[in-house]
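Chains as they are written, first to last, in our numbering: chain Y, 58 to 548; chain B, 7 to 786.
Bear in mind the hints are in silico, worked out from the structure with no lab data behind them.
Using N, Cα and C, we set each Cβ at its ideal position, and we do this for glycine too.
No incorrect hints appear here.
Derived, one-sided and incomplete: chain Y residues facing chain B with beta-carbon distance under 10 Å:
#1 K102
#2 P179
#3 L208
#4 Y434
The list that follows gives simulated cross-link-like pairs (lysine to aspartate or glutamate, DMTMM-like), each with its CA atoms no further than 25 Å apart:
#5 B:K428 - Y:D537
#6 Y:K295 - B:D39
#7 B:K380 - B:E418
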Amino acid sequence: MPANGNDTAAIRFLLDGDVHVVHDVSPTTTVLQYLRDHIRRCGTKEGCAEGDCGACTVVLAELVNDELRYRATNSCIQFLPTIDGKALLTVESLKALNGGRLHPVQQAMVECHGSQCGFCTPGFVMSLFALYQTIDNPDDDEISYAIAGNLCRCTGYRPILAAARRMYAVGRKNNAAWEQRLEKLLTAIRVTTEKRLAIPNGCYTAPSNIDELTARLAAAPESTILAGGTDVGLWVTKQHRDLPEIIYLGNVKELGRISQTDEYLEIGASVSLTDAFAALLEEYSDLEEIIRRFASPPICNSGTLCGNVANGSPIGDSMPALICLGASVVLRKGADVRILPMENLYLDYQRKDLAPGEFVAAVRVPRWREGQLFRSYKISKRFEQDICAVCMAISIDVVDGHVSTARVAYGGMAPVPKRADRCERALTGAAWNPSTVGKAIQALSRDFRPITDVRATDDYRLRVAGNLLRRFFVETDQPDQPATVWNYAAG
Amino acid sequence: MNDLTETRNTVGTAAPHESAHLHVSGEARYTDDIPVPDGTLHAAIGYSLRAHARIRRMVLSHVEAAPGVVAVLSAADIPGDNNHGPVVHDDPIFAAEFVEYVGQSLFAVLATTREAARRAARLASVEYVDLEPVLDIDTALAQQSFVLPTRTLARGEPAARIKSARHRLSGGLSIGGQDHFYLEGQVALAEPGEDATMVVHSSTQHISEVQRLVADSLCLPATDVLVQCRRMGGGFGGKETQAALIACIAALGAWKTGLPVKLTLDRDDDMHITGKRHPFQVSYEVGFDDAGRIQGARLTLASNCGRSVDLSDAINARAMLHVDNCYYLSDVEIVSHRCKTNTQSHTAFRGFGGPQGMLLIECVIDDIARYLDKDPLEVRRANFYGQDSRNVTPYGMTVEDNIIERIVGEVETTAGYRDRRKAIAEFNARNDILKRGIALTPVKFGIAFVATHLNQTGALIHVYNDGTVLLNHGGTEMGQGLHTKVAQVVAQELQVDLDRIRCTATDTSKVPNTSATAASSGSDLNGKAAQAAAVTIRDRLIAFAAQKYGVDPAAVIFHAGTVTIGSKARLSFAELVHEAYVGRVSLSATGYYRTPKIKYDPVTLTGRPFFYFAYGAAASEVVIDTLTGESRLLRVDILHDVGESLNPAIDLGQVEGGFIQGVGWLTSEELWWRDDGMLMSHAPSTYKIPTSYDWPDEFTVNLVHWGRNKEQTIYRSKAVGEPPLMLSMSVFHAIRDAIAATAGDQPVQLDAPATPERILAALEAVGIQSSSRAAARRTN
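Sequences are here, hints too, so could you generate the full structure?
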């Protein structure tokens with residue numbers, strides 16, 4: 058039996074409910090590589106090595122407020138040290154958990170003919186297992202969302218959706234004893250101090266508090282800052298980059314918080330997208346569609362909102378909405394803190410107003426205010442899990458039929474997420490009517506000069522950017538008229 | 007053991023996939039999961055980053071010096087044929103002088119780890135002299151750049167009939183290709199054996215072709231190369247010829263080093279290197295009467311074959327042979343251009359050219375209907391093949407099993423097509439931004455390999471003296487449930503439970519000279535071959551029992567695990583088998599099958615290329631957004647003909663899965679090449695196959711319950727792999743219908759895939775600038 062999780066030389070996690078200790082593994086080894094290549098546990102598959110197909114889905118369990126929480130994650134881009142102190146469940150774990158027989162999730166998949174070639178199946182099983190452990194009577198959309206990150210090329214999905222309903226009838230959860238054991242062991246391997254894994258030409262550091270983090274950053278300002286790893290993971294699996302110095306934010310307790318004041322919500326740098334979105338949705342229900350379409354559960358469970366913001370991709374889905382809502386970023390370097398309006402963070406393509414050693418410690422989002430009209434739209438080839446051709450967010454206040462304030466921001470239209478300044482000016486102070494919308498659309502062609510790429514042509518982007526203003530007008534002006542195919546289908 | 011009253015899971019039952027319990031537990035072993043010996047090397051391919059260039063110099067010293075690298079392979083290392091082309095000798099394993107697409111293999115690295123191999127592969131220094139690339143069909147046509155000569159199939163006097171027809175139309179569309187996106191990428195593991203032999207585990211639909219190409223590249227006889235495949239993680243045609251390159255490289259590495267070599271392609275590399283469904287440009291000129299009945303048609307199919315021939319001859323032939331779909335074309339000319347471009351060499355993909363041909367004629371019909379202001383279904387019906395007349399295809403085959411009227415009629419009723427068309431028209435009149443559309447389209451698909459000689463296969467059955475049955479046949483398992491169906495046939499013939507039968511890996515040492523598992527033919531061919539082998543063994547057992555117990559052979563009855571031998575004895579199958587063994591009866595047999603009746607002349611493109619036709623129809627409804635071009639599939643009703651189903655659960659899975667795969671092809675899956683020939687949609691982040699959300703809220707699929715193949719196929723079933731894919735044409739035409747709702751009687755110009763951008767372009771082409779302008783006017 059190992060000592061507690063603070064032994065810094067090793068990575069410790071639970072596998073099938075037993076403590077598994079790993080020494081001498083490169084910190085950028087992915088969980089999938091470890092499973093398949095190091096311990097020859099080949100049930101978990103690689104389909105894309107970028108977190109987009111779900112064949113590699115595994116479940117991580119951890120203690121949150123003394124309760125077990127199960128979440129699906131993409132093992133193909135998750136670095137092994139980041140599961141330190143957690144419980145890893147793979148497709149092989151389920152029979153072990155169920156006395157050697159097929160688990161209800163697996164049994165339901167067999168009974169519903171949910172597999173054909175079977176290669177995506179372990180990933181689906183694990184996404185469904187996470188659902189099974191988390192929600193008792195899921196509705197259709199909860200089921201659909203649970204497998205949003207899993208691609209199947211054979212079945213057309215119908216039998217898998219059927220299995221998601223069937224699994225509850227096959228057998229109810231009955232693993233209290235096993236869960237007690239899990240809780241006990243998770244407590245035993247809990248990591249509470251800074252962890253360092255030295256490698257020949259660098260070091261993986263997982264600070265446990267903000268002081269350790271700033272100290273480490275001061276010592277190694279060129280370090281790669283790792284939070285969810287949903288982008289950094291691809292630097293390794295696709296670009297084969299060496300990342301000698303890595304600082305992992307996941308254990309920094311101050312960064313894992315969501316706090317509230319009367320003015321704003323503050324979301325820390327290591328808060329997952331899943332948790333951040335839950336908090337944002339309570340404040341802004343109009344974010345529902347953009348959140349639903351943002352990414353799959355495994356990506357949202359790993360990725361962070363601050364990571365999305367710090368990455369600053371021109372096609373990131375969160376920034377147009379956040380900019381539009383007047384969000385700001387909390388930047389930290391050592392003990393120094395600066396607060397910037399989010400749009401000012403982005404200077405040019407992949408260039409940000411960040412000093413060496415400075416990092417995005419939190420995002421602040423203003424609270425909802427009465428009377429605010431707000432929408433966020435995403436246009437892509439596929440509803441789920443696609444990168445936008447155009448993403449648009451708009452927030453206006455209409456007083457006496459006139460637009461008193463307007464913020465309009467776009468993704469996919471410029472090298473950075475960007476406000477539409479001329480468009481905003483055309484709206485501000487004008488009567489809220491189609492003629493004003495037309496003028497605002499005219500202004501967009503002076504705000505943006507989009508590019509043509511794999512997602513859309515420049516012409517389409519500009520046209521749709523304008524048409525989304527029209528959609529917004531119709532939605533706010535004639536709330537009974539269905540204005541998107543998604544709402545229509547849902548209604 | 008011999009108390010069974012019923013044999014479980016024989017023919018016609020919904021037996022689960024033979025590997026279902028292994029799939030769900032992660033225990034199903036795929037090629038990349040096979041435990042490898044210590045010392046196994048990992049390979050990575052270095053490929054061209056230019057679309058068309060002469061290689062001036064390739065320096066691999068940095069590759070060789072990279073950490074972990076053991077060897078680097080290039081063209082000079084190949085002892086035999088530097089070729090993986092299946093039909094024509096035009097696909098080098100490693101390019102030596104010229105590169106003709108971005109992704110063309112130049113060399114391979116062998117290293118101690120996969121990561122080391124992949125890192126090293128990026129370190130090559132290649133000097134190219136760029137040449138002008140041809141990247142699209144228009145340019146290829148203009149430059150007469152073809153991989154094969156243009157072919158024409160004509161009947162009657164199309165030009166004269168078009169001229170004399172009351173109405174004339176012309177048009178066309180561009181049809182995008184499709185990546186297979188099998189979830190398991192290309193992979194092979196080669197292990198050198200004693201006496202210069204080679205064992206190759208390949209994720210392939212065609213073990214015998216891999217065997218031949220590996221043998222030819224290594225100067226080995228076929229006997230010395232053994233190729234095995236237990237299962238693939240999806241194939242869809244993408245592992246029919248495309249697996250050979252991967253296997254040849256792994257085998258070359260193993261031959262060169264004497265060590266096992268595994269080559270697993272990264273997804274992005276896989277998408278850059280391997281061929282896809284052919285993109286097509288299709289056009290037509292048609293004359294028709296007031297009822298929309300086609301009098302004469304000239305149809306042109308120009309396909310983008312990519313850089314080499316691969317299977318393009320047969321694929322384009324199938325496109326020509328399916329351009330009629332369900333419609334009688336009395337006077338017709340079909341022209342097929344096979345364009346050479348500097349892209350991946352396009353290849354087999356579920357439907358094999360058929361879908362592109364059929365989409366053209368469906369668009370012709372749709373355009374005629376818009377022009378005449380008729381319901382497209384009416385025009386479809388006016389053109390259906392007749393039962394006793396108007397029933398000969400352009401290639402001279404009589405359609406003897408036509409059930410399309412009945413299928414379409416049933417779908418029309420169950421889908422409530424007419425009422426819904428009215429409701430949709432009312433909705434469209436009330437709504438400016440969203441428009442709905444509906445379409446009911448038929449499918450007729452010819453079953454058999456067009457290359458007649460491929461329509462043969464073998465099987466091998468061993469019965470052990472404990473009564474268990476080992477089954478092997480020439481077909482490969484890619485998820486379609488072939489092994490399950492073939493095992494069900496054997497269970498039926500021997501009257502044993504399905505769980506007594508083990509189907510083993512497809513293996514060149516068990517059944518020789520196999521054809522690819524393709525053309526939907528897997529269960530038709532292998533079911534029959536396995537049946538023949540099972541019957542051989544059963545007949546031996548009957549003869550043995552009759553003689554031993556002194557009864558008439560007709561009195562030996564196999565039923566539900568039991569053999570009744572007249573009034574003399576009642577034994578379990580295992581007991582009889584054991585007695586037969588002691589009585590020195592051979593309990594091993596081969597079976598062989600070749601498809602009867604087919605006769606096709608590939609020179610004139612006429613004859614009876616197909617044994618029979620499979621039919622189906624689908625009604626789909628969509629809603630589109632006229633502001634953005636977004637679309638959503640709302641409801642689908644399908645009726646599909648599988649004859650007498652061997653396994654309704656598996657057949658249903660093929661119908662549903664094929665349909666959704668087709669929907670992806672026609673809506674969200676867009677291949678996009680940059681101006682320099684680099685494919686930019688080379689990963690799931692940029693190439694979007696359907697997700698579960700795309701499954702419509704309302705979906706009804708039925709198998710034709712009155713179906714029975716007129717031909718003597720295995721238990722009168724019909725092939726099911728490819729035909730349902732083309733049910734997805736209903737979705738494309740529903741989108742056209744929704745666009746037409748804004749356009750009056752104008753034909754709709756919509757290219758495939760119908761991405762939001764293309765739908766918006768089509769809306770604008772029919773004169774809708776922006777329907778919200780109308781909405782805005784209304785509010786003023």
